[in-house]
Amino acid sequence: MNKMLALSAAFAFAGMSFTVSAASNEELLGGFVRVEGGRTDADIKISGFGSGSDHDNAYSVRGGYWYNGHFALEAFYTNAFDKRYTDGVDTIGLKATALGGGIVGKKNFGDVAHQGAYIMGRLGVMHGKLEGSVSGLGSDSASSTEAYFGIGAGYDFTQNFGISLNYDYLKGSNDGVKVTAKPLMLGAEFRF
16 MNKMLALSAA FAFAGMSFTV SAASNEELLG GFVRVEGGRT DADIKISGFG SGSDHDNAYS
76 VRGGYWYNGH FALEAFYTNA FDKRYTDGVD TIGLKATALG GGIVGKKNFG DVAHQGAYIM
136 GRLGVMHGKL EGSVSGLGSD SASSTEAYFG IGAGYDFTQN FGISLNYDYL KGSNDGVKVT
196 AKPLMLGAEF RF
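Last residue of the sequence shown: 207 (the numbering used here), numbering continuous.
Calculated from the structure, these hints are not laboratory results.
Just so it is clear, the structure is predicted and the values come from calculations on it, not from any experiment.
Errors might be hidden in some of the hints.
[To be verified] So the derived label-pair ranges between C-beta atoms look like this:
id, residue 1, residue 2, range
1, Phe205, Gly116, 13 to 21 Å
2, Ile178, Gly103, 36 to 44 Å
3, Leu152, Ala90, 29 to 37 Å
[As the list claims (entries may be wrong)] In silico DSS-like links for lysine-lysine, alpha-carbon gap of 25 Å or less:
id, residue 1, residue 2
4, Lys144, Lys193
5, Lys98, Lys186
6, Lys98, Lys60
7, Lys122, Lys60
8, Lys193, Lys122
9, Lys197, Lys122
10, Lys122, Lys110
11, Lys110, Lys193
Don't be surprised by glycine CBs; every beta carbon is placed ideally from N, CA and C.
Turn these sequences into a full structure, and let the hints steer you where they fit.
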């Protein structure tokens, strides 16, 4: 009889903890805005002209919706590279941007979603654009739609705010132009 009572109590407590967990996950549904800034390593190859790589400042603005503590959909704009080069006479400008959307997966290491340390991954489709200009000759652009992915690790201070370090892999190619941008950025996420 004592075993049956103990087993019944264990099931009752398990059911209560599941109910509390489900209720706290319902509270986690909602929108988010994320801003990121950092540095990018960009490789650019243009057929007939050659290739090169350089570093530049980068930023990204993201927004989306958390469907629970582990899964969200996002849309974003990233300015991955924007630099001007001059030899004293001519100025060459290159700018690489991306606009896209995808899914975000997140795993917190604590018992509560959006609390404490976490790792995350993101995957989706982006439209990348490379714009180039040469003083006196004009400008041109090339764009393509490609897959993107990213990983990150961070810390949620509250269920409404967290920071993370994120690495993304963005690429594009069109008309003999190939661009690969690998931004490493610090991000702040605000959930509402």
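Inset, instruction - Give me the numbers of the hints this structure contradicts, sorted from smallest to largest. - result: 7, 8, 10
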